[in-house]
Each structure stands twice: as structure tokens, then as C-alpha cells.
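Engineer: Listed here are the chains, written in short residue letters.
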Amino acid sequence: MKIAIPSLGRDKTSLVNERFGRAENFIIYDTTSNSYEVLENSENKSLQQGSGTQTAETIIKKNVNVLLASNVGPKALKVLELSNIKVFTIPSGITVEKALNLYNEGALTLS
Amino acid sequence: MNNSKENNFVIAFASGKGGTGKTSVALNTAKSLLNQLTLLDCDVEEPNCAIFIKGEVLEEQKVAIFSPSIDKEKCNGCGECSKFCERKALVCWGSPPICFPEMCSGCGGCKLVCPINAIDDGERIIGKIEKRSNGKINLFSGIINIGEESPVSLVKRLRKMAPKSGLVFIDAPPGTSCPTVMALHKADYVVLVTEETPFGLSDLKILIDLVKKLNIKMGAVNNRKGMGKENLKKFLEKFEIPLLCEIPFDKEIFDAYSQGELIVDKNPKYNSLFKDFGLKLLKEVEKAKKENERQ
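Residue numbers (my numbering), protein chains in the order written: chain A, 1 to 111; chain B, 1001 to 1295.
It should be emphasised that the hints constitute simulated quantities derived from the structure, not laboratory data. Incorrect hints may appear among the rest.
With a Cα cut of at most 25 Å, we get these calculated BS3-like pairs of lysine-lysine [unchecked claim]:
| no. | chain 1 | residue 1 | chain 2 | residue 2 |
| --- | --- | --- | --- | --- |
| 1 | B | Lys1213 | B | Lys1229 |
| 2 | A | Lys78 | B | Lys1213 |
| 3 | B | Lys1213 | A | Lys45 |
| 4 | A | Lys61 | B | Lys1111 |
| 5 | B | Lys1083 | A | Lys61 |
| 6 | A | Lys75 | B | Lys1072 |
| 7 | B | Lys1287 | B | Lys1186 |
| 8 | A | Lys62 | B | Lys1083 |
| 9 | A | Lys78 | B | Lys1083 |
Since this is a predicted model, take the numbers as computed values, not measurements.
One chain only, chain A, in its complex shape (with noise of 0.2 Å):
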């Protein structure tokens, strides 16, 4: 399964990004390897309008399952759910690592 987190830097033990649409990163987690995969969103980041719905094709595409984020908007949060992603929403301030350990405690509720 693979967990996606908007990052403001590269690793897990980057802060996560309070922005969706318009983060600079995604820090990807692979539950089944273990393993962490940065997706630079700078292309959706820039973009005029539609960085929200555009990040969510971006992270779908990826194969992602499981989102978490401070805050999705209206649009991309629709786009989401059609593609059955479950989006938990995160306090703002935490590491990456600290949101992926909320989640496993199932601390997090569905946005």
C-alpha cells in the first residue's frame, strides 16, 4: 500500500506541508517495501489555476491509496474520492514520520 504526504522537504523527517495543491513535495511510503519515494510537485505547484485537481491526476496516477494532509480543497478532495483514495486530515506542524505514526495508530479520521 502506498501512502502519500504533501512535504515540505524530502525526507520523513521533513515538516509536512500545510498546502495540498500547492505543495513544493510528496514524500511517497511504501508500506510493502518499506521504502520512501519523493514526488516533486513543482509543474502542479505553478500552475494558474487547478493545482489542486491537477496534484490529486499527479498522486492517482502514482497508485497511491492513502492520503494524508492538513487541508484538500473542495475540487481535489472530489477528485480523490472518485478514485478512491482515503484522504486523513493531519495537524499542521509534524514531521512526516510523526504523521505516518498516527496513522498507524488510527488517530487520524477521514477528511
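Position chain B against the provided structure of chain A, taking the given hints into account.
Structural biologist: What follows is chain B alone, placed relative to chain A:
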């Protein structure tokens, strides 16, 4: 003045900065002139000419733009439409795309690039045009629906309401972005309504650059003379733009305006001021048209 049948005089009132008096100058001038004329209120996000041209709506038409209608049976989810879409109104990941109509500008590009013709013409209403008349002035007001991102298509449709002959005034939107470009595009003359404030002149400079690019002749009106400390005359000399009229900073004008009245109907002094300006303006426009024809 207007002998040929396919010959109209299109004069746009623009300002760059908002609130300098485009509507006020256009309406007062229109009322003081004896000519029959058509007024197009292209400030479709806040059309207010109708407050002053009283009368009921004689005609109303809805304005719709293209919106993709996707044949989900036919679509193979190739994603070419979504890739092409500049506004990113289409999202696609291997299945028929999801469309967010409110993000679509109606360009129709998705329909053109679809390799299997799975996109048909749909439509979406973005606003309406209302017609009013006081016998002398035929007013067409564009009204964009709340929440629409771009009023350009509505302004474009509004421009088509101009008759082929006679005098046409355009009340342009403030600013210098796409809707303004559409309102000024192919006008015969632009009246720069400005004020002697730092903001007034700063935005005026941007507007002058735009009007030059559109290759339209222009003249300026100093509205609320005496309010600001900048020197408009000196500023205009640099650009070789004539100053056609100076309207004093007079509370009486605002008192009338705030009650939905025009100063030309209340004070004969101002009626003659605007009439003189209007006649001068028509001469300038005639001159500009002749020069254009020669080119």
C-alpha cells in the same frame, strides 16, 4: 458626419485605476450630446449605467459559452483533453475525465484535440445582457453571474450589440486585464478618464501602454480637478496625448450622482461643459478615423 452606412464611431471610456469616473463621464457626455447613441456597459462585474438610464428592461438575453459534453461510452480516457486544457478544468487518469465547468473558459480546445471525437458541444450560461432605452440612449448592460472567473466572453458578446452605424459609447471595466482589452479592442478612440493622484497617474501609464499596443488614438479627461497634487498636463505632454476636458472637484456633482442623477440634468453650467467636451471628442474621433483610413 456619418454618411456611410457601415460606419460607426466607437468610443471607449477607460481609466486603469477604478473609481476615476468612467461611468460618470460617459453618461454625462452621452446625455449632453444631441446624438442618438448606443451605450455598452462593459463593466460587467459591476454594471451601473442602468441606475442613470432609467426604464424597464426591454430585452434580455442569456449569454452562454461552450462547455465540454463528454460521451462517456465513447471516451477511452487517453487524457489528451486534460493535457491540453489551459485552465485545468478537466481531470483525467485513464477513465473519462471529470469536468469542473466553473474553471472552464469555453475555448473548445478539448473538443479539437480529442482523437476520437468523444467531446460534443455543451453550454454553460455565464451571464446576461439587458437592454434599456430612454429614447435617445440605447443601453446594453452586461451582467456576469456571481462566481464566474472570466467575463471576457460576455464582454465580447456585448460588443456585438453595437449597431453598424451611429455613435457607440463603451463604459470599460477598470484595470488593464483581459476584459478591458476586449472592451477596448478595435474601438475608434479611447477616452482616458483620470485624476491627478499618484495612483491615478501610475495606472494611467499602464493603460496608455495598452492602448498604444492596441493602436488606438486617445485623449484624456481630468476628472475632479483640484483634488490631487500631481500634474496631469505635464504627464500627458510626454506621451503627446491631448487633454480634452477638465471637470472640477465639485461636491454638487457627487450629490447628484449619489442620488442616481446626472449633473448635466441639474446644472446647465455642467451641461455645456460636457457638451463642449462631447463635440470636441467627436472631432478628435473623426480625425483619428480619417488617419486610420489613410494608413
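Engineer: Each hint: holds or not?
Structural biologist: To see whether the hints hold, each was checked on the structure:
no.: 1; hint: B:Lys1213 to B:Lys1229; result: violated (29 Å)
no.: 2; hint: A:Lys78 to B:Lys1213; result: violated (43 Å)
no.: 3; hint: B:Lys1213 to A:Lys45; result: violated (32 Å)
no.: 4; hint: A:Lys61 to B:Lys1111; result: holds (23 Å)
no.: 5; hint: B:Lys1083 to A:Lys61; result: holds (14 Å)
no.: 6; hint: A:Lys75 to B:Lys1072; result: holds (20 Å)
no.: 7; hint: B:Lys1287 to B:Lys1186; result: holds (16 Å)
no.: 8; hint: A:Lys62 to B:Lys1083; result: holds (17 Å)
no.: 9; hint: A:Lys78 to B:Lys1083; result: holds (19 Å)
Hint check: violations occur at hints 1, 2, 3; the rest are consistent with the structure.
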